[in-house]
Amino acid sequence: MRVTRDLDLAEECAQDAFARALAAWPVDGVPDRPGAWLTTVARRRALDVLRREAALRRALPMLVVDEVEPDPAAAVASEDEVIADDRLRLVFTCAHPALNPDAQVALTLRLLCGVTTAEIAKAFLVAEPTMAARITRAKKKIAVARIPYRVPDAAQLPERLDAVLTVVHLLFTVGHTAPSGPDLVRGDLVERALDLARMLRQLLPADPEVAGLLALLELTHARRATRTDDSGRLLLLDEQDRSRWDHGAIAAAVLLVRESLRARPPGRFALQAAIAAVHGEASSYADTDWREIVALYGVLLARWPSPVVALNRAVAVGLASGPEAGLAELEPLGSEPALATYAYLPAARADFLRRLGRYDEAATAYAEAALLTDNDVERAFLRGRYDEVKTASGR
Amino acid sequence: MAEYLVLIYENEAEYAKGDQGVFDEVMKAHNDFGSTHGASLRGGNALQPTSTATSIRGTRTDSVTVTDGPFAETKEALGGYYLIEAPDLDAAIEIAKQVPAKFGGVEVRPVMVFD
Chain A
1 MRVTRDLDLA EECAQDAFAR ALAAWPVDGV PDRPGAWLTT VARRRALDVL RREAALRRAL
61 PMLVVDEVEP DPAAAVASED EVIADDRLRL VFTCAHPALN PDAQVALTLR LLCGVTTAEI
121 AKAFLVAEPT MAARITRAKK KIAVARIPYR VPDAAQLPER LDAVLTVVHL LFTVGHTAPS
181 GPDLVRGDLV ERALDLARML RQLLPADPEV AGLLALLELT HARRATRTDD SGRLLLLDEQ
241 DRSRWDHGAI AAAVLLVRES LRARPPGRFA LQAAIAAVHG EASSYADTDW REIVALYGVL
301 LARWPSPVVA LNRAVAVGLA SGPEAGLAEL EPLGSEPALA TYAYLPAARA DFLRRLGRYD
361 EAATAYAEAA LLTDNDVERA FLRGRYDEVK TASGR
Chain B
1 MAEYLVLIYE NEAEYAKGDQ GVFDEVMKAH NDFGSTHGAS LRGGNALQPT STATSIRGTR
61 TDSVTVTDGP FAETKEALGG YYLIEAPDLD AAIEIAKQVP AKFGGVEVRP VMVFD
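Chains A and B supply the protein sequences, listed in that same order.
Sequential numbering of the first sequence, starting at 1, is according to my numbering.
Sequential numbering of the second sequence, starting at 1, is according to my numbering.
Bear in mind the hints are in silico, worked out from the structure with no lab data behind them.
Hints are all accurate, no fakes.
Straight-line Cα separation of at most 30 Å, DSBU-like style, residue types lysine-lysine; simulated pairs: (1) A/K122 - A/K141; (2) A/K141 - B/K75; (3) B/K28 - B/K102; (4) B/K28 - B/K17; (5) B/K17 - B/K97; (6) B/K97 - A/K140; (7) B/K102 - A/K141; (8) B/K28 - B/K97; (9) A/K140 - A/K122; (10) B/K102 - B/K75; (11) B/K17 - B/K102; (12) B/K97 - A/K141.
Each pair of labels, with its calculated beta carbon distance range: (13) B/H30 - A/R258: 48 to 54 Å; (14) A/E336 - B/K75: 22 to 28 Å; (15) A/P337 - B/K75: 17 to 23 Å.
Just so it is clear, CB atoms sit at the ideal spot from N, CA and C, and this is done for glycine as well.
Based on the provided sequences and hints, a complete structural model is requested.
In structure tokens:
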């Protein structure tokens, strides 16, 4: 990026490097540090293009790059360090709060991961010209408003890093439970989000929230093989075969969680990772430390109040203290506008009602939840439960 | 370096019902801002309230209309601006964060450069 100083060229080169990786890696094997390899290829490609098109480049909008003071230490900086710096700067440009949130995600995929506009459009269920226009608008704003290509200073870093982590988390969430469509998981988005989180961990090894986010994604990803059965039906935590979880990944992520929780007060990703770690370490659903989970959600809710977190806490209360207590916690959330079309609320209520043997009410709640989800796999699950409780209530 | 216009949008009603204390407080805040960021300031003005505004549509045509009031009725109206110079958007945002806007907020717009 610092080589090209121009977003369009950087974008082409990133994509080109990925194309070369697809061709070279199956033959030569994946290099030790694929991220660095990609950037090196992209830089070489950029230099080629620059030499050829030096004249044309002057006509294109330039990125704002800090004038670099000649620094004797920089002269001996290794190629790897330069690459790391460049990628980190690019992360902060793509996830700049002055850009539209959708555009932040799209730019990150496009410029850091080399994903094509067509693929990004497909992943976010918009037409390709729409996505292309969104990316063009964002790039134009970067150039015209002079969004800098720089790692923010210490005072701004926490806030700006939070925006970066939010983008990566959103990418993972969209990939993990595809909002609509036939498959539960969009694997490519999940992989990209994990790559980005691992890259950030390499670039900012001392940051507790980076550790927290990476741990959260790794812990969730470690359960991927067990989230659906062979026919594609959704399996809840209590039905998953825990022997098929990736216990190596869980153990590694738990170390990251401990590290991330050392921050006082702990950040939101550290807390969510801690919750995922409690699940990951429980030998069975029944053995899960639900009281610990209720407590962690309580801390999360106190500092980052959100109806969705309140819902998760209510569900945990139900599992710690019984379905009656859970229903009582869900009760006030029914009037929460943000949850009015959120399928997980009636789904949670339905589950507690079913456990209490209140099958008629459970059936109504399952039907409501099935109406509200757009994910085919989730809907099939909810319809299945609906049929079960209908049969039970008829008996 | 680039120029940015920092547009101050505030709820005029709050000023209309504010007393001398509010006025003094806001004046002091702007004076403080001016002395702290004088080196970046290229201009700035406060505007009279939108009740004094006149809108003209169809300029340079045969069907010009002149009407009473601001161009668009909004709860938070343009009440003043600063023209600042900054190396990039992050620097401009840092300055804009210090602009007094007790009853609203500010919008940062890059000034177009014709070359």
